[in-house]
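Undergrad: Sequence:
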Amino acid sequence: MSTSLPFEQWLAHIRTHSTFYRKSLRHLPAQNCALEDFPIVDVADYWAGSHDLDHWDVLTGKVEDALIYKTGGTTSQGKLSVYTRAEWQRMLNCFGQSLSAQLRAGDRIANLFFSGDLYASFLFIHGALGKVDVAITEFPFTGAVDLDVLTEAVTGHRINVLAGVPAHLLAFADHLDQQGRTLPGITTVLFGGENLFDSQLPALQRAFPQARFASIGYASVDAGLVGASAPDCNLGEHRVFGEQIRVEIIDELSGEVIQACDRPGNLVVTNLTRTLMPIVRYPVGDRACWREPVGTPRRKFALQGRSAKSQRVRVGVFSLFSQEISDIIRSIGGDLQWQLIIEHAQNNDRVLLKWVPGGQTQACQSLSNTLKAALTAQYPGIDQLDLNVQACALQALERHPRSGKHLSIIDRRTYAPLTARHAG
1 MSTSLPFEQW LAHIRTHSTF YRKSLRHLPA QNCALEDFPI VDVADYWAGS HDLDHWDVLT
61 GKVEDALIYK TGGTTSQGKL SVYTRAEWQR MLNCFGQSLS AQLRAGDRIA NLFFSGDLYA
121 SFLFIHGALG KVDVAITEFP FTGAVDLDVL TEAVTGHRIN VLAGVPAHLL AFADHLDQQG
181 RTLPGITTVL FGGENLFDSQ LPALQRAFPQ ARFASIGYAS VDAGLVGASA PDCNLGEHRV
241 FGEQIRVEII DELSGEVIQA CDRPGNLVVT NLTRTLMPIV RYPVGDRACW REPVGTPRRK
301 FALQGRSAKS QRVRVGVFSL FSQEISDIIR SIGGDLQWQL IIEHAQNNDR VLLKWVPGGQ
361 TQACQSLSNT LKAALTAQYP GIDQLDLNVQ ACALQALERH PRSGKHLSII DRRTYAPLTA
421 RHAG
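All letters in the sequence shown, in the order written, are residues 1 to 424 by the UniProt record's numbering.
Hints were generated in silico from the structure; no laboratory data involved.
Glycine included, every Cβ here is placed at the ideal spot set by N, Cα and C.
A hint or two may mislead.
Computed spacing ranges between beta-carbons, pair by pair [said to hold, decoys possible]:
hint: 1; residue 1: 117; residue 2: 383; range: 17 to 23 angstroms
hint: 2; residue 1: 373; residue 2: 259; range: 43 to 49 angstroms
hint: 3; residue 1: 206; residue 2: 117; range: 29 to 35 angstroms
hint: 4; residue 1: 259; residue 2: 32; range: 50 to 56 angstroms
All chains, please: the whole structure from these sequences, using the hints.
TA: Spelled out as structure tokens, the structure:
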């Protein structure tokens, strides 16, 4: 397919060749449809049957000349995201061009993102760095590099840019702190995969005292490109990529498209360049608000935390899936009501799983211990976070203040934009 199909042609292709979209859009006329006429995708319905790529009804054709990545979770349960090679290259080109604004000629960059097991982040950043329009040098370490080796490489090879997930960058900063060392040669720290919180900055600033901190950009392996990082963005802010990537902010109750600034809603993405695995009004799982008025070129938006309906929430280096958590609870305690609360305190993420006993309360602590062990088995290493599981009364589960509906995930971490600045 063309790199930039006219809207009507793109829509006709999807409706003709994707069983999923043919059904979900059947109420719309064949022509003269606006994007706002399309329903917001039900993410659970979208991914149903995705384990079988030969028969997944979202796809518009056979999986040939393609790249397959995992969206997260365990090897057996992680969802698979499909790109044609041409689509992947177009995404790298676009992201690399936006990343150029955060780099300078001569930069030496340590790529510390993670690879293997079908994860895309390292390969994606590696590919995007190859598309930037400034002369840079990449050191593709991956996140598995020994931190002593990394420290010596940074000094020995005059590496001045670090790129990785905040949790790993913080682990590196802590390693340096324990050794009483700093790396003043680091001038830029680019983070991705999760947000960088205000309370995390001091530790990074101590380790890298001359560095400025900025997002590397906002993309996900399922939705693709979402937001570009620009020099005038505060931490937590991004700019839309352009007409080929449509970003909307939707009121979570009414479904209204929000245009006003500073009014949060669910972030929804449509990608007009992907035709094998179409992304049409797809909720990415984040809340956001506009920072600039409608009509502003490459309009800026700010992240406001994870959506209460999110299927996945990133905590440290872990992607927690609400369906996986629900399955664990059901297998151990039956149909119990539960709620996952995420907070950030003392430079660490705190995860609390609250559950409501079905009647018998004598064995609550034992069941909490069993649930915690099962979560640790599902997400190895999560016990490094502040993880707690506790029983509670039904009234202790928080509900949406407007709808009164039960909230499965509550993200209390502060996503207020921070200035991308030099330390000190």
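Undergrad: Work down the list of hints and note, for each, if the structure agrees.
TA: Hint by hint, here is what the structure shows:
1. Checked against the given bound of 17 to 23 angstroms, the beta carbons of residue 117 and residue 383, roughly 20 angstroms apart, stay inside it.
2. For the pair residue 373 and residue 259, the supplied restraint of 43 to 49 angstroms holds, since their beta-carbon distance comes to about 47 angstroms.
3. Checked against the hint of 29 to 35 angstroms, the C-beta distance between residue 206 and residue 117 comes to roughly 33 angstroms, which is consistent with it.
4. Taken as a hint, the range 50 to 56 angstroms is violated for the pair residue 259 and residue 32, whose Cβ atoms sit roughly 22 angstroms apart.
Going down the numbered hints, you'll see the structure goes against just number 4.
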